[in-house]
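Visitor: Since the structure of chain C is provided, determine the placement of chain Y on it from the hints.
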Amino acid sequence: EDKVVQSPLSLVVHEGDTVTLNCSYEVTNFRSLLWYKQEKKAPTFLFMLTSSGIEKKSGRLSSILDKKELFSILNITATQTGDSAVYLCAVALNSGNTPLVFGKGTRLSVIA
Amino acid sequence: EAGVTQSPTHLIKTRGQQATLRCSPISGHTSVYWYQQALGLGLQFLLWYDEGEERNRGNFPPRFSGRQFPNYSSELNVNALELEDSALYLCASSLVEVIWPQHFGDGTRLSIL
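Here the protein sequences line up with chains C and Y, keeping their order.
Numbering of the first sequence is given in my numbering, commencing with residue 1 and proceeding in unit increments.
Numbering of the second sequence is given in my numbering, commencing with residue 1 and proceeding in unit increments.
Source of the hints: derived by calculation from the structure; they are not laboratory data.
Here are the simulated DSS-like cross-link-like pairs (lysine-lysine), alpha carbons at most 30 Å apart as the crow flies:
#, chain 1, residue 1, chain 2, residue 2
1, C, 104, Y, 13
2, Y, 13, C, 41
3, C, 57, C, 37
4, C, 56, C, 40
5, C, 104, C, 57
6, C, 37, C, 56
7, C, 57, C, 67
8, C, 37, C, 67
9, Y, 13, C, 40
In isolation and in its complexed conformation, chain C is listed as follows (with noise of 0.2 Å):
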């Protein structure tokens, strides 16, 4: 069965703070990793990864994949209180019959 783990479940920082999100898949026929950010309702995407150690960076966001040890790491750097949200990892597979393999989030929270 396709699986995909994210940890930690849930993190609580302080502004200014540097975290680390971790993503580990077990898939059949990946086909690239993806990131997305939920506040209230719509996960709006952040980053979809192929190719591994490619680092690829949007602000203060930046994420990276190992398809060696199948797993991605989300990092965002000097947090604010804005990006309190779960953030969701996804895996797309090639076999063109089953969309993304979601995991369960991280659920992050930036305190002032």
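Guide: Just chain Y now, kept in the frame of chain C:
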């Protein structure tokens, strides 16, 4: 450009009733996906439609069904509602060649009393 729109925002039903949830994809997107997000369980895949055809369904009982209309909007029907069906139901859409959800709607919160 309008995003993925879902209606209603909230729906309250009692056990045994039937619920219908609606989704309009982004213009030009012909694939629609439905996910259930129950507390503590993450997003669970329900249904996937491509250009009017059901492409795949997740591990849910047959009382969860749906369809996609010629204008690519979609409907999710849940029959014989149970307490455990209480969840946020998210719809997403994509271009047909993308094969993963590109944009999500805000969801319908279904509460079963």
